[in-house]
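*Asks:* This is what each chain is made of:
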Amino acid sequence: MLPRARREQLTVHELPDETLVYDRNRHKGHCLNSIAALVWKNCNGENSEEDLTRIVATRTGTPPAPELVRLAIEQLGRRNLLEEPPPSLPSSDRVSRRIALKKLALAGFVLPLVMSIATKTAAQSMSGASSSSSSSNSPNVNVNLTVVQDGNSSHPAPCRNRGQSCVAAASGLQGTCCSGLACKGVSQNAGVCG
Amino acid sequence: MTGARDEGLAYDARGRGEVVARILAGSWLRQPPPVVLTAAALDAVVPLLAAGGAGGLAWHRLRNVLQSPDRLQTQFGPACRELRQHYRQQTLAAVDHEAAIRDLVQRLRAVGVEPILIKGWSSARLYPEPGLRPASDVDLCVSADQLPAAVAALSRPLPCQVDLHAGVPDLPDRSWRSLLSRSRLEPLGRSDVRVLGWEDHLRLLCLHLARHGMVRPLWLCDVAVCLGALPAHFDWDLFERGNARLTSWARCVIALAGRLPGESNPPSTRPAPDLPPWIEEAVLWSWGGGPRMPLGHCLRRPGQIIPRLRFHGIGLNRSTRIAAAFDVGCEPTQSVPPGVVRLLRFLFRKLPRLVRRLVFPRPRLPFPLTLHGS
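From first to last, the protein sequence lines stand for chains A and B.
For reference, each letter of the first sequence is one residue, going 76 to 269 in this note's numbering.
For reference, each letter of the second sequence is one residue, going 2 to 375 in this note's numbering.
Looking at chain A on its own, in the form it has when it is part of the complex (with noise of 0.2 Å):
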């Protein structure tokens, strides 16, 4: 397969030793180590795994390891940060896999790994209490994940819930809002999720 990283709609953000990703259609963080996002960057619909699998090779400086970069595709895949899902293996292949990849994290090989991370939508937290003073004492962070209006689209903001106001057709794009609901009654640029 010659998989092809999907880039819209996500916010990336590169640290020295992890990226992260924000999917702004489903409102989740994501955070890549550095085993998956080299192969994440690299998936362009070209590179088949094989050629995946010399990349990070050389790059990490390590023997090739095709059964990391099966790994990474599929946690890539299962989180939508491809654009095409991977096909999922058969149960047999899994159980040899699995003690590949035991073998090589015993070696020493950094394991790619895709972890999400808990977040807010930014409905949530713009209905939630003020964040500008702390209420409480648990140690979840009230992050109020906002919809990215970059200057090359006009993407909408997130529909709400049910009943409030539809921000799709506020911005001039109307139809299926992106949690699955559509834009009603739209009048004087404003329209009603339904």
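If you are wondering where the hints come from, they were derived from the structure by calculation, not from laboratory data.
Incorrect hints may have been included.
Each pair of labels, with its calculated beta carbon distance range [unchecked claim]: (1) P139/A to T371/B: 53 to 61 Å; (2) E282/B to L181/A: 25 to 33 Å; (3) N155/A to T371/B: 33 to 41 Å; (4) K178/A to P35/B: 56 to 64 Å; (5) A230/B to G136/A: 34 to 42 Å; (6) V112/B to D126/A: 49 to 57 Å; (7) T371/B to E83/A: 43 to 51 Å; (8) Q107/B to G120/A: 31 to 39 Å; (9) A175/A to D193/B: 51 to 59 Å.
Backbone N, C-alpha and C define an ideal beta-carbon position, used for all residues, glycine too.
Using the hints provided, position chain B relative to the given structure of chain A.
*Replies:* Frame of chain A; chain B shown alone:
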């Protein structure tokens, strides 16, 4: 500090406050200084750091101290993983937050309103990384006569919570015209945003912190970061100009910034003012006691009423003593009994405000827009 003493301190509110101060000292620097800490002390204060928005700073301080994050996590386990998650969340939020600010400013400029951005990003931009300071709501200030136009421009779905102010809060001794004339344009992506001049920005941070009882360590870090970033032409006379009582509170905050999370602070060009001992004690107690739960929050959770009364009753809520003293017009050096201060504050500030809100309720807007000073 020995490990045994550290363990004991970690379970006392003042001790926890000390640990918080120790972790945050110099945490905003690109290369923070080393810190001595036990895992138990860190575990005790992680919820406080997280609730106060300082999780990212704490991770930055601890991450850079040790050679490898893996070793850090081996020693300090779940606490560090949690701090690291806060840092990641804050980093992602910061990127979106900047885009939201650009959008809001563009909307206002489209209707001829020039806003000044205060707090939030205007402080966060001084930190070395975007994830160190959490991005929350956006505070925009406009002149009072432009407020209706600003409300109209923002009265459609907003990308985040917006606090719209008529004039600049916490700077009652400065006119809008003078603030605007000293304001600066700072680049933000492909556009720019207007922020306060350095003197006004620092004064605002200090007075905002004092008004809220210095309850949030992150805000004191903002002051320390600002002090470290002051340009050579910073005018201390301008900073101190205005209401003498407010100036004394501002100088008090600067003294505190140098004493608490400010061991690595470069000295200002003025001699540090004396810090009243009761303020430093009150701050440490309040940082270690955790954030104060607002009354409205308790009313929605009846099970929290008794713990809140206990919290007030046994004097752990010392930050309100600072806030009350500020509110009723005391100088920071005045040692008025806290009960008297709180009673005065209730009678002359909170009660009139409550009555005013009941008689003249604020209009409820359909979007996350809060009006101040309208």
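*Asks:* Now tell me if each hint is right for this structure.
*Replies:* To see whether the hints hold, each was checked on the structure:
1. P139/A to T371/B: 53 to 61 Å: holds (57 Å)
2. E282/B to L181/A: 25 to 33 Å: At roughly 54 Å between Cβ atoms, L181/A and E282/B fall outside 25 to 33 Å, so the hint is violated.
3. N155/A to T371/B: 33 to 41 Å: Given range 33 to 41 Å: holds, Cβ gap about 35 Å.
4. K178/A to P35/B: 56 to 64 Å: violated (39 Å)
5. A230/B to G136/A: 34 to 42 Å: Once the Cβ atoms are compared, 40 Å apart, the range 34 to 42 Å for G136/A and A230/B holds.
6. V112/B to D126/A: 49 to 57 Å: holds (53 Å)
7. T371/B to E83/A: 43 to 51 Å: With a Cβ separation near 33 Å, T371/B and E83/A fall outside 43 to 51 Å, so the hint is violated.
8. Q107/B to G120/A: 31 to 39 Å: holds (35 Å)
9. A175/A to D193/B: 51 to 59 Å: holds (53 Å)
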